[in-house]
Amino acid sequence: MWQKLQNIDRRIIYTLLLIVLFVPMAKPLGIPLSVNETTQTVFDTIEALDPQSDTVLFVLDYSVGGQADVHPQAVAVAKHLGRRGIKTVMVGFVTDGPMFAEQIIAELGDRFTYGETVINLGYMSGGETAVKSFVEDPKNSFENDHRGNRVANTPIMSGIETIKDFSYIIDFQTGAPGYQDFLRQLPAGFPYAAGIVTVCVPNVIPYYNSGQLHGLLQGLRGAAEYEVVLGEPGEGAARMDAQSMGHVVIIAFIVVGNLAYFMTKRSVKKSA
Amino acid sequence: MRRGVPLAIVFIVGTLLLLNYFVANDTLKATSTNLVNWGVIVSAFAVGLASVNLVRIHINKISRQRPGWINSVALVATMAIFISVGIYTKLNPDNAGAKALFQNLFDHSYSPFGSAMFAILAFYVASASYRAFRMRSLEASLLLIAAVLVMLGNAPIGELVWDKFPVISNWLLRVINMTGQRGIAIGVAIGGFATSMRILLGFDRGHLGQGE
Numbered sequence: 000m001w002q003k004l005q006n007i008d009r010r011i012i013y014t015l016l017l018i019v020l021f022v023p024m025a026k027p028l029g030i031p032l033s034v035n036e037t038t039q040t041v042f043d044t045i046e047a048l049d050p051q052s053d054t055v056l057f058v059l060d061y062s063v064g065g066q067a068d069v070h071p072q073a074v075a076v077a078k079h080l081g082r083r084g085i086k087t088v089m090v091g092f093v094t095d096g097p098m099f100a101e102q103i104i105a106e107l108g109d110r111f112t113y114g115e116t117v118i119n120l121g122y123m124s125g126g127e128t129a130v131k132s133f134v135e136d137p138k139n140s141f142e143n144d145h146r147g148n149r150v151a152n153t154p155i156m157s158g159i160e161t162i163k164d165f166s167y168i169i170d171f172q173t174g175a176p177g178y179q180d181f182l183r184q185l186p187a188g189f190p191y192a193a194g195i196v197t198v199c200v201p202n203v204i205p206y207y208n209s210g211q212l213h214g215l216l217q218g219l220r221g222a223a224e225y226e227v228v229l230g231e232p233g234e235g236a237a238r239m240d241a242q243s244m245g246h247v248v249i250i251a252f253i254v255v256g257n258l259a260y261f262m263t264k265r266s267v268k269k270s271a
Numbered sequence: 000m001r002r003g004v005p006l007a008i009v010f011i012v013g014t015l016l017l018l019n020y021f022v023a024n025d026t027l028k029a030t031s032t033n034l035v036n037w038g039v040i041v042s043a044f045a046v047g048l049a050s051v052n053l054v055r056i057h058i059n060k061i062s063r064q065r066p067g068w069i070n071s072v073a074l075v076a077t078m079a080i081f082i083s084v085g086i087y088t089k090l091n092p093d094n095a096g097a098k099a100l101f102q103n104l105f106d107h108s109y110s111p112f113g114s115a116m117f118a119i120l121a122f123y124v125a126s127a128s129y130r131a132f133r134m135r136s137l138e139a140s141l142l143l144i145a146a147v148l149v150m151l152g153n154a155p156i157g158e159l160v161w162d163k164f165p166v167i168s169n170w171l172l173r174v175i176n177m178t179g180q181r182g183i184a185i186g187v188a189i190g191g192f193a194t195s196m197r198i199l200l201g202f203d204r205g206h207l208g209q210g211e
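In order, the protein sequence lines correspond to chains A and B.
For what it's worth, numbering that gives the first Met the number 0 labels the leading residue of the first sequence as 0, then goes sequentially.
For what it's worth, numbering that gives the first Met the number 0 labels the leading residue of the second sequence as 0, then goes sequentially.
The set of hints was computed from the structure by calculation and includes no laboratory data.
Nothing here was measured: the structure is a model prediction, and the numbers come from that model.
Heads up, none of these hints are tricks.
Cβ-Cβ distance ranges computed for the label pairs, FRET-style: (1) A:Ala271 x B:Asp203: 53 to 59 Å; (2) A:Asn6 x B:Val124: 17 to 23 Å; (3) B:Lys28 x A:Ala237: 46 to 52 Å; (4) A:Met0 x B:Val72: 46 to 52 Å; (5) A:Tyr113 x B:Ser108: 24 to 30 Å; (6) A:Lys138 x B:Asp162: 46 to 52 Å; (7) A:Ala251 x B:Ser83: 47 to 53 Å; (8) B:Lys28 x A:Ala251: 58 to 64 Å; (9) A:Met0 x B:Leu48: 55 to 61 Å.
All residues carry an ideal CB built from backbone N, CA and C; glycine is no exception.
Please build the complete structure, drawing on both the sequences and the hints.
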């Protein structure tokens with residue numbers, strides 16, 4: 000029996016996981032969630048900004064592959080910025096960035112006024128070279144925004160001369176360019192936060208602990224935590240139940256798999 | 000000559016950019032900014048060149064009807080649609096219909112397909128967790144226990160079962176993991192510096208092609 004269990008058909012595993020992920024999505028369980036200090040730092044920093052004088056650089060460096068983890072973070076933070084009336088300059092150093100920016104602006108259109116409190120500058124190619132170029136001269140990096148408007152004519156960009164005119168940079172990313180590129184190119188100590196995919200958390204944690212990152216949103220959980228602290232539950236919180244159940248099933252698979260492995264080994268030893 | 004000129008360009012550009020980092024000089028800064036801007040322009044052309052190359056390879060595959068050529072048809076057709084709609088949108092920024100079509104193509108085709116590809120990983124992870132995560136040795140057991148603890152700490156259900164799971168998970172990530180990651184990061188930085196110097200001084204010529 001243990002041998003059979005060890006060689007279980009993978010379709011059974013897939014079906015079990017599918018059911019376990021689907022049920023909480025259809026009927027959320029509402030499992031309570033505590034807020035991590037790394038998320039709270041981002042929230043507190045944005046909460047302390049002044050809508051009259053502060054501008055946030057909102058970088059969308061994620062691709063469609065990682066959007067399930069990162070896009071809910073970007074939406075939650077944009078909701079907060081829009082609610083507080085903080086000027087938000089969106090830019091992308093990966094091709095999908097400006098498209099996600101348009102999605103967010105369309106979703107939160109009632110919280111922003113295009114050109115005055117939000118702008119989508121578009122995509123800049125070149126990876127870290129592009130990041131360096133933008134950091135050195137954000138005013139002249141884009142002649143037109145993603146929608147074809149002259150950037151120089153927009154009120155939101157009128158106060159931007161250098162990178163230091165941004166009070167906070169938050170970069171949502173799935174890979175390169177990402178936190179390392181920004182940390183290398185930004186002036187030392189610049190208030191910079193990152194929103195990352197869950198698998199990158201172990202790599203990024205040292206940069207948060209050293210104080211180089213002023214806030215960190217950790218995968219889908221980071222998005223859910225931000226929604227909780229913001230008091231506006233959304234996509235992140237809704238998906239956390241499914242992720243919880245998915246984790247439980249994977250742990251159960253590990254336990255059963257190991258049990259089957261050891262029992263088979265034992266019975267082979269016995270028969271020998 | 001074919002080797003000497005690119006090597007000289009790499010050396011001069013690299014040295015100027017490095018100097019700009021350490022020396023405060025307006026002329027050097029202006030030159031460095033220009034060089035970085037050229038880099039951005041060259042990389043934009045590289046994206047275009049890569050697209051042309053991709054189309055060339057797949058048209059060749061279609062014309063010779065090599066195995067999987069039907070996938071190449073899908074790729075070329077999709078590229079043609081996206082590029083034509085994208086260019087039309089850029090040339091006619093006031094055309095709201097074209098803009099909406101481009102955004103809809105992204106939102107309702109590219110975006111869900113991309114997400115689906117990534118989501119499939121969850122099923123592979125589930126299957127691998129059942130078949131491959133075995134406590135065959137002490138190291139494997141430690142890795143497995145740490146992974147389970149981090150998973151329970153990250154999932155709200157773990158917190159519901161025992162409120163110390165997030166504390167343990169945080170400790171594993173911010174103490175045990177961090178020491179290892181810092182060591183790796185320092186090693187990578189030293190390696191990166193050594194490789195950069197080799198490229199700058201012309202000892203490493205892999206970037207010139209032909210594996211030299």
